[in-house]
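Student: Sequence:
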Amino acid sequence: MTDDSSHDHDHGTATTDASPYVTLVSSDGFTYTVSKDAASISGTLRNMISDTFEEGTTNTIRLHDIDAPVLDKVVEYLYYNEKYKDCVDVPDFHVPTEMALELLVAADFLHV
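Going by full-length UniProt numbering, the first residue of the sequence shown is number 1, and it counts up by one from there.
Fair warning: there could be bad hints in the mix.
[To be verified] Below, in silico cross-link-like pairs of lysine to any residue (SDA-like), each with a Cα-Cα straight-line distance of 25 Å or less:
#, residue 1, residue 2
1, K85, H64
2, K36, H111
3, K36, N47
4, K83, E54
None of these hints come from the bench; they were simulated from the model.
Whenever a hint applies, use it, and build me the whole structure from the sequences.
Tutor: See below:
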């Protein structure tokens with residue numbers, strides 16, 4: 001992971017309201033550029049990127065309580081969920097045991 005958005009899930013830089021991407025910023029400053037479709041799987045993120053909130057205009061969401069390793073796994077899950085949403089035979093999503101509690105807290109906050 002790097003602090004300059006060069007992550008496997010990066011798809012470009014979101015800069016305008018019309019952008020199909022949103023940038024998620026972890027508590028430790030790492031950024032993840034995620035498609036709005038994938039981000040919208042999260043009820044919390046979907047609400048934040050609506051026009052009602054500043055994040056909907058800036059396309060940047062700062063997640064002050066989620067650090068980079070956890071956010072990395074959350075982003076992986078958002079794309080996993082998007083990929084398999086209409087499938088019947090879905091492969092297991094691997095959650096590292098040592099990260100399970102933090103992911104559970106993040107999932108609860110993000111409504112995923």
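Student: Which earlier hints turn out false for this structure, listed by number in ascending order?
Tutor: Structure breaks hints 1, 4.
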